[in-house]
Amino acid sequence: MKTAVVLLPGLNRDRDMIAALTKITGRPPVTVWQTETDIPDVDLIVIPGGFSFGDYLRCGAIGARMPVMRAVAEKARQGVMVMGVCNGFQILLEAGLLPGALMRNATLKFVCREVKLEVANANTAFTRGYAAGQIIRCPVAHHDGNYFADAETLTRLEGEGQVVFRYAEGTNPNGSVNDIAGIVSREGNVLGMMPHPENLIEAAHGGNDGRALFEGALGIAA
Amino acid sequence: MTIPNTVPITEDLVSAHGLKPDEYQRILGLIGREPSFTELGIFSAMWNEHCSYKSSKRWLRTLPTKGERVIHGPGENAGVVDIGDGDCVVFKMESHNHPSYIEPYQGAATGVGGILRDVFTMGARPVAAMNALRFGEPNHPKTRHLVAGVVSGVGGYGNAFGVPTVGGEVEFDASYNGNCLVNAFAAGIAKTDGIFLSKAEGVGLPVVYLGAKTGRDGVGGATMASAEFDDQIEEKRPTVQVGDPFTEKCLLEACLELMASGAVIAIQDMGAAGLTCSAVEMGAKGDLGIELDLDKVPVREERMSAYEMMLSESQERMLMVLRPEMEDDAAAIFRKWGLDFAIVGKTTDDLRFSVLHQGEEVANLPIKELGDQAPEYDRPWLVPATPKPLADDDVPEADVADALLTLLASPNLSSRRWVWEQYDTLIQGNSLQLPGGDAGVVRVDGHATKALAFSSDVTPRYCEADPFEGGKQAVAECWRNLTATGALPLAATDNLNFGNPERPEIMGQFVRAIEGIGEACRALGFPIVSGNVSLYNETNGKGIMPTPTIGGVGLIDDWQTMKRAAFAADGEAILLVGAPPSWGTHLGQSAYLRDVHGRRDGPPPPVDLDKEKRVGDFVRRLIRDGVVTACHDLSDGGLAVALAEMAMASGVGATVNQVNDISPVPVFFGEDQGRYLVTLGIDPQGPQMADLWREADALGIFMPWIGSTGGRELKLGEARAVSVAALRDVHEGWFPTFMG
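Line by line, the protein sequences give chains C and S. Position 161 of the first sequence, counted from 1, bears residue number 161 in our numbering, the numbering being contiguous throughout. Every position in the second sequence, counted from 1, becomes a number in our numbering once 1000 is added.
The following block holds chain S by itself, in its conformation from the complex (with noise of 0.2 Å):
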């Protein structure tokens, strides 16, 4: 079946293309005249909500982007960060949230497959992969059909094409049953002065299409992302993409060698609303028209019609300007690779995008306004309400050990082994942590001591409570989990996760979220520079929770002063660094509440970002002066669990004796941030710890000697003690038993 380009405008049609009558109006008034159909496909392209961040760019532009190091900031495909010695790490996160619950394994595997194309568009080779999940509740009929196909999906795609995941979050809420969430990070490293952008220099030059042919898959995907689901969310599978991780891997490979080869002027992937978009950021970019002749588009599909081929989304797809006199080259290296590689159009100097199409013009729009002039909206937003506080004396009792064990069965904070071990998480030989730890860490390769720790973070119930708080949280989490590697935070890339923004109160939740990040950022000199947003979150009018999730990179000067979240030997003492005067104190919004008790009320721990500051800075200072031997901070079910997961990941036991007349329960399910607990080699009682007291001291950190490490078994307080090896049976149990 053919659609040909005379389909006539009515306002249904333009209503099925996500447009709103406003914003056909406006389109009317751009062009002076009706469009004809393949033009109206590509408004819906340029303008919906995924490509043109239209609710959210106004709040998005109050983050703090810039930095020392940062050489690219949100814009590019990906953003560029300095590591020295004329390197930098390149990365971003995006989120296929709707691909990945109408058809889990393509969905998520091509989620992996975009974000992994941004970063080596860039000129950067991919050496870390994170991935954050959020499923539904466990017992609700999808999720487990939802968590295999995902998991599996992101390992197809990422163990295949050859980059290490090394971190991520898996999560799972009620809110999340109807709209799973698939957030997929990656970072490349590239040469400081290899850094290849979209933007197109030069007129009359070849505009060159590489990699997999086009076909029907995702024809209009970015607008099915940018709606709500319903009942009928079957009936958009066609919608989803099917990635092939084999020509992704060769498109690298010869996208890489392409660039080495001086032959690349600009370079843009085909990702959401695919040949459309491309075309269109190259050109707006450099400020030139383009042209396209359709029929030189490699197809595997017949009949395929202007529209579908401007508005496929079929995966591992690029397009480049080139040098003219390196076109043979050029050709030569995709014949090596096996990949199609077809002059499909040239740039021009008249400012408008024009696609042909069988002898016949079916588009002639003005390209910088189709990008630059789309419609933008102050929505109108509530303040969300602050919950109340927990009253003094509403402490709900539980057995420590008892609830200790009940936290380390549950679905949100059991072990993820059975997600992880399907992933490569070895691959590149430079893998220094795997996930299970606050950071993955890998070797920056051709680099003697250089290494980069990868965090994802986010926790979604805190920023339902206070989006304000809960944005800071999300920050200053990640930025605490690679400090507690020994890494320098560098910078950060968001991937904002909400329900729909026509609705004033989830509009809200974004809009505090983000002045949260962003307070956080700045207190903390950890700019954001790329990310994404996902919005219409929502099944049948019921958002999810507001998540933004926080994917953050450090540098590690010298790998060898690295440290871990595992006890490293016994009879060391254990402290408890940036502990209030009672060690912990915060119940609401505490996993301990929800978990053990089933309640979910009370405002999240604040953030002291002042705090939070000095209290890293200390803790990364002591790893770097080699006194500490381990290192873990404290977030999801405090102390208690952080303790537990040292344990479990050494097989060395502890002893928290010097909880004298203090609650227990707070003190260890209480989740006060800005926490770490750390081991060290020396002597407690002597004049070395003396010095660091009183460090600790005048920097207004407080640091009690709350235990040692040692035996087999962990022994919390009063509490009985419970052996590593049971804590370890019901924290590995879950997952196993819950996927069958």
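The shape of chain C in the complex, shown without the other chains (with noise of 0.2 Å):
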């Protein structure tokens, strides 16, 4: 299985990302830096967190139109899964590969805790080591996760089976809109989500609910 781990300055999750992958594909991840335009034939690419710039335009939109991501959009062109987790996620859809925004939490205040994921569909290439409706625990770590599109976006994302993870059990930490915590495209091979299952897949980290996300994604036979 090979993986690799889009590197842009700024974002600074890509060494946790990295060593999930590690741990979880048995070899490291090829690295692609931000002015790199090739991406090498991979199972699976990963946009990781972080604050890529800074963050201080609006998230995620400097790193979106790096050379690098248009790489990333012509490889999820081809069918090969592409997955952003939080500053990943954002730049997923400052890059226009996901739709949808990411606002400022509600409660205007980072937010770092561990929260509770339903798998609101089971059937995806990513979401397939999960049964349908499962909850699962998993950390979230953000500022601007307030997840938000328009009605009609909506309405196409949640009848599509778009919407794969909602924060459950009252855990939303962030105000999105449907408790959303994680899309696919219509093609179901981009995945874009806030939450950081790359921390909880080890017992040192209390658990490995977010290992079987990986091994979806990657078939591997958890």
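Worth flagging that the hints you see were computed from the coordinates, not collected in a lab. Where a beta carbon is used, it is the ideal one built from N, C-alpha and C, also for glycine. A hint or two may mislead.
[To be verified] Listed next, the in silico SDA-like pairs over lysine to any residue satisfying Cα-Cα at most 20 Å (straight line):
id	chain 1	residue 1	chain 2	residue 2
1	S	Lys1213	C	Gly54
2	C	Lys109	S	Gly1740
3	C	Lys23	S	Gly1446
4	S	Lys1213	S	Asp1295
5	C	Lys109	S	Ser1152
6	C	Lys109	S	Trp1418
7	C	Lys116	S	Ser1650
8	S	Lys1450	C	Glu202
9	S	Lys1191	C	Arg15
10	S	Lys1336	C	Thr35
11	C	Lys109	S	Pro1736
12	C	Lys23	S	Arg1443
13	S	Lys1336	C	Thr31
14	C	Lys109	S	Arg1144
15	S	Lys1336	C	Asp38
16	C	Lys109	S	Trp1734
17	S	Lys1336	C	Ile39
18	C	Lys109	S	Glu1732
19	S	Lys1336	C	Gly54
20	S	Lys1336	C	Val30
21	S	Lys1336	C	Arg65
[Unchecked claim] If you anchor each label on the Cβ, the simulated ranges turn out as follows:
id	chain 1	residue 1	chain 2	residue 2	range
22	S	Arg1144	C	Glu158	38 to 44 Å
23	C	Glu169	S	Asp1328	54 to 60 Å
24	S	Gln1560	C	Val177	41 to 47 Å
25	S	Asp1729	C	Ile135	21 to 27 Å
26	S	Gly1686	C	Asn123	49 to 55 Å
27	C	Val30	S	Ala1332	19 to 25 Å
28	S	Ser1663	C	Glu169	43 to 49 Å
29	S	Thr1006	C	Thr31	53 to 59 Å
30	S	Arg1144	C	Val177	28 to 34 Å
31	S	Gly1086	C	Arg65	40 to 46 Å
32	S	Gly1338	C	Val30	21 to 27 Å
33	S	Asp1328	C	Arg65	27 to 33 Å
Grab the two chains, each in its own frame, and use the hints to assemble them into the complex.
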């Protein structure tokens, strides 16, 4: 299983993601710097979390315009699995690879805590390791995770099963519409989510609920 | 506007630079002429209290700083301690009190940025941060504003930089009304053979400026931090720097890449008094002169004068001496990270610090004397009076359950979740224990079993009542918190926050606290390897409580044996290790007296250091032997609060039922030192337990079996049972309600 992690200055959960992918696949991911225009053939491309370019403009707005993102878009078009977590999700939205926007948390504060996620659609390549309706634990750590989309887009997302994770049991930490925590593209090969599955994959993390997501994406039997 | 270098040097100007008349005479004597305006600025930057430690140095020298594992003690950017397998931990704590009071978000943010830079300047990747925050009383009109700003500033910088905040303190007291404390701690991990120092080596080598551009922010900041506040404090806002965590993150990655390339000979971050302090430090330590050409310094404002450039405290900047043959490689790394890189000077052999600006020499000073010949004071001090003990019959009564609920809902003992959920506690994926327990714990990246524990502690009301015992207690409490996780305490950093040292009673607090800290560190084998002194924490002549914050680091060989405070299961025996015969006795200066009865009298609990060590070593051994299932130290609020914390962390209740004929208030709320609660996974009536009791007995440690875990209520002796849910409600409620 080959994976790649996109690196942009200011991302800071790259090391977490690299460590998680290394533990799950048994080999370190390829890293791709922001100026590169080619991404090698891999099974999964991940844009990790952080504050690309400080997020001094809209979150992810500058990162989405770096050369490497054209290569990511091309790979996504070819059907390669692409996953953006936290700032990575924000970048995918800004790059137009997923619909909607992420606004400031409703509390206007950064929030780091464990939440509950409901697997809203277990019928995607990413979520096939979970059961539909399954409640999993997952940490969040963000300031701008308040998902929003217009009514028409929401209807489509909900209607076509593109909402894959929802904050459950009253744990919505940011005010996201419909408790949306993660969505996939219509083709199902691009996932964006605010929570951090890479921080819950082993005993030292106090649980491994995030692991099945990577295993699903990579087709590794759990 | 440009300030020329020809500003006449008047008495007023000298005084505005924080230099006393005798200090100015000393300058005249050293250089044999009147200083230029820029030179006066340089002296003021180097000789202020913040940079020169002129009032504290004499006493700091008495602290134990050496130990088997200590690689670098005080005097470097941070302390360095061996953790085995070729790795070391690099750490320090530093205050940003004055800036945070003036501009809480940026003051706190740049405090975090500064301490992170101290750590990675030495070649270490930061892996953990803590913050000890102290604010005025909750109903003071500025307090909420300061809490909100400081907490979001700490989070805003640390979260974006990418370091987990794993511990800290938040406390409220009227003595901080006009002077909040922001003490930032950071720790990093490096290879023992990959430590970088500030000492320059080699003549004629390029001095390189890296990082962000220089602006006018923070000009005179260190001098500001060495003065008392008055009501005109708002006028000092322009002296606070502005932080840019994105640039700092890039600077971290670029510096570590550059260090790995072998290009770096010496490196020094620009902190207080920026370019001045860093250049003088590199030259003076290496017995070299430094020549700077300010026309080469990257600036972001127009027409900056030499004076402003030399005193700017713009953040995220570094000075390095590089191998000349590797200049191109170095420049490429910095370009990749979008950072400025400029050769701004060279090392010389004349031991002069010379500064050129627009073709003119604006300063030429003896470099060694700038640092080494700073004034040093043996300030007069008064032995603080010790408060009278409480009379034997002076045990104010209260219902134990009510008092516990009052304490858990109080400003100082309630949950700090509102604060630490604004910090990224999980980033890097190595956090094993988060804030809210005894110590924060992170795994050592790249090692299968090792972890580091971090704790920050001081009890200022103890220090106020008796600085010597309070100083001891701060160290012992930190050592105890590390021990409670199973960690072996390695070393500590101190952040000494006091009032105006020119007042003998304040100087007396300082001297006695240091003596207490020194005594405890020696007894516990817990050397001080780095630190920071913050004096003049006064507003309108009223000082803060003496607050010597201790930040400690401990090593856990195998994190699978680590213990947490949460009760592990129902039906386990609870032991009070290190108890006096009646379990608890000391109510002087207790949280119970303060928060239930509004009294702040009596002496603080004394710390028996010999006993402290024996009990702690015994508890640590029990943890490592695997018989302990949960462990928590006793501190503010005594036995009752400690039990409640263990219950709230787990949801498991407990019954303490062995309290026959003992007066319940001192038992449950006494703050006697050197005590731990442990639960055991063995039969308390079985032979293994009998062996443990015999062992404890032989060590002179009293370890009564006080009750058992189980149920969903906490029942303390004869008091009514309180549900764990009700405890949590009041404990979690105070902070969010306060902040609205």
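Which earlier hints can't be squared with this structure? none
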